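Asker: One point on numbering: in this note's numbering, the residue at position 3 of the sequence shown is 1005, and numbering is uninterrupted.
Hint data in this document are derived by calculation from the structure and do not stem from the laboratory.
Accuracy of the hints is not assured; some may be wrong.
Unchecked claim - Computed spacing ranges between beta-carbons, pair by pair:
(1) E1036 to L1009: 14 to 22 Å
(2) D1010 to Q1040: 14 to 22 Å
(3) R1032 to E1006: 29 to 37 Å
(4) R1007 to L1028: 19 to 27 Å
(5) E1012 to E1041: 17 to 25 Å
(6) D1037 to N1004: 25 to 33 Å
Treat the numbers as computed from the prediction; the structure is a model and nothing was measured.
Just so you know, even glycine gets a beta-carbon here, dropped at the ideal spot from N, CA and C.
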Amino acid sequence: MNVERQLDPEALGDHIDRLYRAAWGLCGSREEAEDLVQET
1003 MNVERQLDPE
1013 ALGDHIDRLY
1023 RAAWGLCGSR
1033 EEAEDLVQET
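Taking the hints into account, I'd like the entire structure generated from these sequences.
Answerer: Here you go:
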């Protein structure tokens, strides 16, 4: 079963902190995490 999901740009602000923390945890660098989340 493949469910297509669409990103709602209006809701992105609700998740930005969680995205940032996840990116920081994965890459280990605050600066890289900021870059990764900004590109999202």
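Asker: Checked against the structure, which of the hints given earlier come out wrong?
Answerer: Of the numbered hints, all hold.
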